[in-house]
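**Student:** In case you want the letters, here they are:
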Amino acid sequence: MKGSRFGSARASFGAPDVAELDYRRDIGEPGSYPYTRGIYPNMYRGRLWTMRQFSGHGSAEETNRRYRFLLEHGQTGLSVAFDLPTLMGLDSDDPLSAGEVGKCGVAVDSLRDMEVLFDGIDLSRVSTSMTINAPAAVLLAMYVVAAEKQGVVARRIRGTLQNDILKEYIAQKEWIFPPVPSMRLVVDSIQFCSQQLPRYNSISISGYHIREAGSTAVQELAFTLRDGVEYVDWCVRRGMEVDDFAPRLSFFFNSHNNFFEEIAKFRAARRLWARTMRNRFGARNERSWMCRFHTQTAGCTLTMQQPANNIVRTTLQAVAAVLGGTNSLHTNALDEAWALPTEETAKIALRTQQVLAYESGLTASVDPAGGSYYLENLTCRVEDQAVEYMDRIDGMGGMIDAIEAGYPQREIQDASYREQRAIEKEDQVVVGVNRFVTDEPSRPEILRIGPEVEDAQVRGLRALRRERNEVSVSRALRDLCQAARTDRNLMPHLTHAVREYATVGEICSSLKEVFGVYQEPLF
Amino acid sequence: MSNRRLRILIAKPGLDGHDRGAKIVARALRDAGMEVIYTGLRQTPEQIVQAAIQEDVDAIGLSILSGAHEHLFNRIMQLLADQDALDILVFGGGIIPDEDIPGLKKLGVAEIFQPGSSTRDIIRFLNQAV
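Protein chains in written order, with numbering that gives the first Met the number 0: chain A, 0 to 522; chain B, 0 to 129.
Simulated from the structure, these hints should not be mistaken for laboratory data.
Misleading hints may appear alongside valid ones.
Said to hold, decoys possible - FRET-style restraints, in silico, Cβ to Cβ:
no.	chain 1	residue 1	chain 2	residue 2	range
1	B	E69	A	G119	30 to 36 Å
2	A	D232	B	Q77	28 to 34 Å
3	B	D83	A	F522	16 to 22 Å
4	B	R29	A	D393	30 to 36 Å
5	A	R283	B	E69	53 to 59 Å
6	A	E358	B	E45	53 to 59 Å
7	A	D393	B	E45	40 to 46 Å
Unchecked claim - Derived coverage of chain A by chain B (criterion: at least 3 residues anywhere in the stretch with Cβ under 8 Å from a Cβ of chain B; other residues may be distant):
no.	stretch
8	99 to 105
9	142 to 153
10	210 to 218
11	336 to 345
Where is the CB? At the ideal position from N, CA and C, for every residue including glycine.
Only chain B is shown next, with the shape it has when bound in the complex (with noise of 0.2 Å):
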């Protein structure tokens, strides 16, 4: 592994206004030492996407609760690969069921946390598989 410091780009795409789970992985990965960018709210998949290639990160958290998650998804994977940028590793997080993680892994998102999980968890997973 390099020493670069891990740049993640945190993100809320679509209307949801939400943001303590955002926030909250925000601040313990900055706690944990990596670079983070958060978004703000309500950021368009093309804005994030572009966001993500400008500010050349490793990583995109996606952090959605309003059920909006197949479709937000399904459309920043498709914008990443129309960017030729699937390099850039995707995960999510917010009210998630069990039976749409299936159909998002296989979109190419890495990983969903769902409601309870650590930020020590996301931390390792991110040191993992970045």
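Okay, chain A solo, but in the shape it has when bound (with noise of 0.2 Å):
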């Protein structure tokens, strides 16, 4: 009999496997630094987790009656899920767009549809994220001029950007700029939050993409964290005070498979990113030192092959973030390895959550899992592993540099394709796929986007720049590409320009002439 694949080469942990952890030290009560245990003394005692469903598809009135849809039915926070060509920075009228216009996600070419997507949703009650990155500070400028459209004002704002372009180049790819540019335009947001929308979560900082990318989860948890090392230390650059935009840092973490290593890598992420905000920056505030964070499920342990099985993968997933005190989840939904959800498995998706939350009692008390002997040594070896790589990337000159020289991008391949491997070799199971396969068909119904939303979408953007007034577009585009040209905070200037109906293609295309466009090495 081999080794156990999920990486204990022991049979059972007792008291000397935890001997030399200092219970005040290096776990702590719940609520109290280094928050191994939660970063709230009730946790979800006190309030649940955030069931925050990922979705968007089509147009924004499609997306819109989701939205209310999902809300109906118990649904706490919203999370915008955008269309390629937008994540792009691209037009749905651009050549490039052709073929993928509201496909795997929405599609929001300008202010107008930002407006429709939240037609009779108040922006003062709810919170909402939005799955954004290289043309991040555009469509929060949208969000914010928006929300102002319904007299909301920007200080009542909640919600989260994700903002979180250096994960793009390791590993999800959905890029525009060069790095130094889009690390301007991400420290531009952040300061801009930290100025007008206190209450507004102004980057997660994701792992969430770097694991499906094929990543450990060691590798998961020390990119991430060496990611947020990075956004600190350029926001300290522009002479921002650490306590003013730290609290306002959040992360987005996946939850895999390997149970205990999950538990045991968001209980680490707590305590080291509280230890480095403490010492590396000398955070003073409790609340920088607080790692809160998003947790989806893994959409790549989801298989097309006998697919309700997935909501049983889903469900452990979920068991893990919950146990391992994530702050708000999405469970993904069982037919996601053959399209976007429908209606009906985005509703299973939900009550998975809602039947972990009301009927399990895993909320009944804070970190139940810790005090294990196994627990709590995985936690500090998948630490020690994570700050091996932190302090690697460090001595490559930091993150950029790292992403430069192709470091995250090859490590994160080297682990798929040994993941790839174990499974072709069984030595990995893959329930369905390479273990107990069956022939049934196991088609499920599913979500199809059709053309007539990308013709709708472009009629829709033509007559909206028939409509609005072309010299202030041209003047605002002008203005803003003058002051991408100094050191000014961008903010102000695109908010000015989606207030005229500019499109998050024009802007983009502005912006492109002065930074240029990032083109990936071959790795």
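Using the hints, put the two standalone chains together into the complex.
**Tutor:** What follows is the structure, given as structure tokens:
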């Protein structure tokens, strides 16, 4: 019998394996430094995690209907999925957008689409997460103006902007500009949020995509926290006080199959971030030490074969996230290896969270898995290995240098290739794929996005261009380009341009003239 | 069969940046002794067809996870026909539901490998089909 593939060479763990742990120094009470057990004393006894299902498809009208549906069924926060043209800063009528409009998210070309997206949804009451990175500052500006048009002032806006460009270069690869001007846009938006949007998370530093690209749990943790360090470094260099913005940094992790390793990863994330913020950056505000995070179950573990099994996978991953003390959660739908979820499967995914929250007793006691010899030992090992990676990246000169050298990208590729080989050799079992295979047809009903979405979106965009004031739009874009050449914060210029109904594509093309575009070296 | 090593172009058309699968397939084909050219991300159909002809490849493997497969495969098959290059075999993979496969095969796409496919199946397929 080979050793377990779950990284544990030993049959069991006991008191000697946690002998070096000091309760106050390394674990602490829930709500106390270093927050290993959770960032709040009461955790889910006080308030459940936010159930935040990521969704968006087709047009803004269609997605608005899905949001209202989810809110009616007890979802407690919104999370916008944009389509690929929007994520890449392209308009729906760009030749490169052909065939992609509204396919894996909602198409947003201008403020007008943003207004429709949140029509009838009170932005002073709902918190909205927006998964957008390269053009994040543009979409943030649109959201702020859309709220303002509802009569909601900026300081009341709640939500999260993903705004994490580093993991795009590392893993998800939806970039526009080169790293340095991209980092400038991130810092501009973090600074703007720290001044104007006190209840808004200016960034969601994400390991999710790193893991989906095939990394290990340790790599996910290490690269994410090292990205966090990079953002803090840049903000501090801009002259910001660490405690002025760090409380609004948030994180986003994956919850994968290896149950205990995932719980350990979440606990290690909190401890390691708290130590980093306190020791490396001298943060004094407790809120700067807290690693608040969203979790999504692992899309890459879903199988096309026997799709109902995916409900079980997702449930286990969700339990790990809850035992790991997540602050909000997305559970994947069973049909996501096929297509975007239908209304029915999206509902089952939400119900999964509700069953855990209201029926299972998981919420009765804070960090109920804490104190397990195995888990505490594993938490330390995951943390130690992550620290090694972070030190190595420090030694390379920081994350941007590491990215330019292709280091995190290669580490992830190697891990993903190792996993694929293990699955093909059946060292790693995937139920229904390489073991317990059946021939039964398993085709679920799937959501289809037809070409009519693209046609309608393009028509709407052309109408907008006829109706808006072209002179004001050109002036706003010129002004934006000029500001981009200085070191002024671009947020007021972006806000002005979106208010004039300049489109995402027009704004990003203007910025490309100044910033250039990123070309990935082949690794 | 000749002794010439198979030359395969692995390409990511469209805006989708999810290259995990493309890179795994490229590496597995290389490990199996094939010559593999990987285009990198966001290649237009025109660029892909041009690269395939210039590199004189035996097959093109397209990876698409964004749902834009119908549009992109269609365009690439059309361009290959225009260039009189339909002797180049086209196969693909990604998030492509069952019911789209017959339509893609009708366009001339030789095979589609869905999530959970083994790289060994892809290698076997290429060794037989090319």
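**Student:** Which hint numbers doesn't this structure obey?
**Tutor:** Result: hints 2, 3 and 9 break, sorted rising.
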